[in-house]
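Peer 1: Based on the provided sequences and hints, a complete structural model is requested.
Protein chains: 2
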Amino acid sequence: MRKPLLVVVLMLHSMLFVKAQEISSPDKNLTLKFELEANGVPAYQLSYKGKQVIKSSKLGLETKDVPSFLDGFTITKTEQNTFDESWSPVWGEQKTIRNHYNELLVTLTQKAVQDRYIRIRFRVFNDGLGFRYEFPSQKNLNYFIIKEEHTQFALTGDHKAFWLPGDFDTQEYETVTSNLSEIRGKMKAAVTPNVSQTTFSPTGVQTPLMMKSKDGLYINIHEAALIDYSCMSLNLDDKNFVLESFLTPDAIGDKGYMQAPTQSPWRTVIVSDKAADILASKLILNLNEPTKYKDVSWIKPVKYVGVWWEMITGKSTWAYTDLENVQLGVTDYAKTTPNGKHGATTQHVKEYIDFAAKNGFDAVLVEGWNQGWEDWFGKTKDYVFDFVTPYPDFDVKELHRYAAEKGVKIIMHHETSGSVRNYERHLDTAYKFMVENGYNAVKSGYVGQIIPRGEHHYGQWLVNHYLYAITKAAEYKIMVNAHEAIRPTGLSRTYPNLIGNESARGTEYEAFGGNNPDHTTILPFTRLMGGPMDYTPGIFQTQVSAYNPENKSFVHTTLVHQLALYVTMYSPLQMAADLPETYNKHMDAFQFIKDVAVDWDETHILEAEPGDYITIARKAKNKEEWYIGSIADENPRTAVITFEYLPKGKTYEAVIYADGKNASYDKNPQSYAIRKVKVTSKTVLKQQIAPGGGAAVSIKQIK
Amino acid sequence: MRKPLLVVVLMLHSMLFVKAQEISSPDKNLTLKFELEANGVPAYQLSYKGKQVIKSSKLGLETKDVPSFLDGFTITKTEQNTFDESWSPVWGEQKTIRNHYNELLVTLTQKAVQDRYIRIRFRVFNDGLGFRYEFPSQKNLNYFIIKEEHTQFALTGDHKAFWLPGDFDTQEYETVTSNLSEIRGKMKAAVTPNVSQTTFSPTGVQTPLMMKSKDGLYINIHEAALIDYSCMSLNLDDKNFVLESFLTPDAIGDKGYMQAPTQSPWRTVIVSDKAADILASKLILNLNEPTKYKDVSWIKPVKYVGVWWEMITGKSTWAYTDLENVQLGVTDYAKTTPNGKHGATTQHVKEYIDFAAKNGFDAVLVEGWNQGWEDWFGKTKDYVFDFVTPYPDFDVKELHRYAAEKGVKIIMHHETSGSVRNYERHLDTAYKFMVENGYNAVKSGYVGQIIPRGEHHYGQWLVNHYLYAITKAAEYKIMVNAHEAIRPTGLSRTYPNLIGNESARGTEYEAFGGNNPDHTTILPFTRLMGGPMDYTPGIFQTQVSAYNPENKSFVHTTLVHQLALYVTMYSPLQMAADLPETYNKHMDAFQFIKDVAVDWDETHILEAEPGDYITIARKAKNKEEWYIGSIADENPRTAVITFEYLPKGKTYEAVIYADGKNASYDKNPQSYAIRKVKVTSKTVLKQQIAPGGGAAVSIKQIK
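Taken in sequence, the protein lines are chains E and H. Okay, so the first sequence: first residue is 1 according to full-length UniProt numbering, each after it adds one. Okay, so the second sequence: first residue is 1 according to full-length UniProt numbering, each after it adds one.
These are computed hints drawn from the structure, not numbers from a lab. Being a predicted model, the structure only gives us computed values, none of them experimental. Accuracy of the hints is not assured; some may be wrong.
Put simply, identical chains are the same to the list, so a pair is met inside one copy or across any two.
Under the rule of at most 27 Å between Cα atoms (straight-line distance), these lysine-lysine pairs were calculated in the DSS-like manner [unchecked claim]: (1) 594 <-> 661; (2) 432 <-> 477; (3) 432 <-> 472; (4) 341 <-> 139; (5) 648 <-> 623.
Peer 2: Now the structure itself:
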């Protein structure tokens, strides 16, 4: 079918001078128009139900060593195609995902540059637009270096935006909610200190960028399939409300080393007049390639506990001894004096294994098991960890045996302290060590300044590294949960052993001063658009001082809000982050965490407004069970929970975990009430949510 | 004995304010004086037989993140020691090396910096001075970043110098001979183009720097034991003739990341009134640590031929096909059209193996055996080679079998094209491949700009890498010959599997326009001071056009000069670089190359003047055989060759390979005459050397 179509288009071209092309989404709601502006500058615009979403916006790339891909183009060929297929992810929010789009592929030739040509591929889905630059193999185009990508997103007005300061090294900022015009004024306060941070502009912001227009359009800009290219931030022209791509530079200021045939990542614009549609969008996954792995049987969602929150709060330590006793790579730890607060001891890990086994968890994460933590951070150290040498009080073999006996896995922890050369040098040995000792998943970390020095967390060098670590892990059938790494762009479709990322402020910040109460009502619209987050919810003891009197931080949600996050924050990797001693005091509420699924057949976004509230219902994978989470920001509200996705005519038992009557995130967070009700597909539940509160519902068949 | 001495010194210190310290060499010829100048600035001076060599010169380091180590010092302790031992290198110019020095260790305290202290350790040998900075472990000194090392060498006048432009990426320059005051004027012309080069100053020069004072002192400045530190160049204050250390920066301009306890490399000043003593000096080896390897039985000197000069001249190619057929990492070479000039074919390599076996060579180097050579160079490519995938016409298994049958090894070739991340990612796999296929030595290459971008060939990052590659090779019992790597600093004592380096203009430049006729009379005084060079001598067909009519280069020596190089250019790794077809036409002269040893019991420098001539006699290891090489620059001369090192009272047969009567490097290079004479320890041979010529002598017992 494609070839005849091509012929038709080429004939058209030979008959008339093609200047503009339009395609619409399958449902006709979205229309993409591509045209050449004066001087042969490519431009596109996007409308939704007749309203402009993106005004005419320039496209192009500036190069360092060859003539730029900016202007002087003529359209020498156009092709249109329709694609419609359904596919099943290895794990995900729904069993089947429909990938349905109309495509426009434009070939653009620069006559003045020896007839060099590129292609721009647009895909218009019902939920948005994806497009990318393609650089085909050709005589006059081989290697080139990107100085900057100049992809514009010209907005129609001063939208409300949910934004993070643009930064080449961290996403661990509070999201700021403001109009676009207010970004410049709020930037300084937004750039809170971080151990590695590099901002680039007073109006620079990160993606995914969530916006809402005055006339009620929800717009999300991000990228898909970021592979061997540098991360895109957006720089705002706040007079004209034009966002423009701003790539992460390398140590010498270059932004990308390319060889044809190659392509940019997809630039994505997800649009709807309903916020819920943004959360439901699978556009970013659809723009990624199907999995490269033949065997995916070893990749499984994981619910886990871990020796972690106790260190985050300061109750125990990663380190075995004190800094003054340690010389990295030299110290014989057996001869040092323990500090008495080390978390990852054999005995203590066994207690977690026991708790995990008893409560049906798959795994126990153990941080601080390996030598080096006394002196792991800062000082741009090339070598810190070797990833295989345990502290004297952590018995790898015995814990392997014990965990296996209990049917629980231990999750490995590889903190790189940003030194990726050192990590790559040890990678094979470290993965082999995991296989030999029964580990099948690793949490990796990239805290601190990157080594090679001058490189950034989000540059091409590191983007290449993260995928190297993931694909190498796959050779060992190891799943990866990378923290402080690049934010996801749907790559888990292609590389489904990437089961988690951090790449935003996680729960740990609740012990570092706290997250805003609206934090988790925004993250699904921003950070989670590209892929799951290892947010580590489930904190029941919301006062950190209960574990460490010196730490006055508290969790800015109610306990029930923490339960609801297992549904609202989709991830195939879910932690019950609090301590067993605390869960043991609240086994009734803990039952929801024990029950909740981590893989799903269906997902229904029932209510959503970024920064305000989210209510989601999901059907457990291969089970007649549904789980609902509903969360609110600091304002109380009444959630309207519907059940129309339940099979008609059947009655189910719903266990409702609700905030207590006077609950609130700041004054009375641990108050909750659990009740059972009968529900059918026609039930409408009006559930009161406390300030910073939530509701969680489990629905099972009546036995 | 040491402890009482310490006590005495400390007592002295408590009695008087120590301001200056002197020590002399064991033979009393050299005297080192250390003192504090005003403001507590450390300084040293050096004299030889009562003449000043180094005038009072400042010492110190400037740091980035902590107070500098420049001034405010007081001497809080001094220690003196004498050391005298003899040791045997795994391979070398002599069976036994005496390491004999007097040492002064000065502890310097900065009261204003929380009593922080460093040490400077001076070792005075009969042949020169070595000193280094030491940073002991202490409460107030841990991590620090070097901004610059400010070690001065204040010279006594406008010495004649043999210098290369200071550069962070290449030593492949012609040596310039000029007075120090002329460096600035000659710099521009000296900086000839190179594919990776970064100069830093109009008076910057590299080490080893060879100088000769007006009053006849020979002075050589270099460094020893360069480990995890950046390479030192020298920047000349050409008004005052003060040289100062100038370290190689990293991508962000820093010059060294340090953690106490640590130390700088040794800074070395070798001095004599006889040029021959400079060549005989083992000071740099003595300042390195004994070998770290328990088993060194697998490390053996190697005489080899190779599929190499034919590519250098352009007669054949590294590449299998043409550039336009190749997409790196993608191309199926079996489907491409061969270019018909590929050198490393199975059949052709077998011819080299046959030649090697027939003539007693240990090994055959094969370059261009692996996929990627069509597109290996430039364009800052992260990935070029995988180091394990042969071209379709190179049968690894069959050649392994064939070579083993003939008792010959094949030498592996790993060209990294400067992409060290890619090399490190493949290193284990590549070394394993070598072991599996019978290779026990690798020639590695670092042509082009370094990746990670912004790093330099001679920065700490790469210095660390080169040693990583060497020590990892040792795990596989692999010997390393690294080209375009950092110039050696005696590390082969500690890591004797580093059997060769290039790090200067090698013979290849004779096919790239030619080396100066005095080139090899200088190299032993400069490049070779730190360790052997894989110079690849033995070119008999001095007209490159004989192999490639388009290449008008010629070798700037006579044929006999090429023979002499096997003795004058010490290396445990010696190539007979010309083609078998050429050697087969000159088997009488080739006999010398077949005979000459590559490992030695004794070395005698008979005559030497940098830039003019060198005559060296060496006794073969464990054999009653001696080999003599004598070379001249463009001026003819009469070498006076003595034989006093032969056992007394015995008569030997000497085969003398001499330039033909009218031989000269430019007009009649291939003319030679071979004669046999009887010699005893009393013989004095006056041998005429042609312009750019040489003489080679083999001496054996009369049978």
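Peer 1: Next, verify each hint and record whether it holds.
Peer 2: Cross-check of the supplied hints:
no.	hint	in the structure
1	594 <-> 661	within (24 Å within a copy, 97 Å between copies)
2	432 <-> 477	both (11 Å within a copy, 22 Å between copies)
3	432 <-> 472	both (11 Å within a copy, 18 Å between copies)
4	341 <-> 139	between (64 Å within a copy, 23 Å between copies)
5	648 <-> 623	within (16 Å within a copy, 99 Å between copies)
In this structure, every one of the numbered hints holds.
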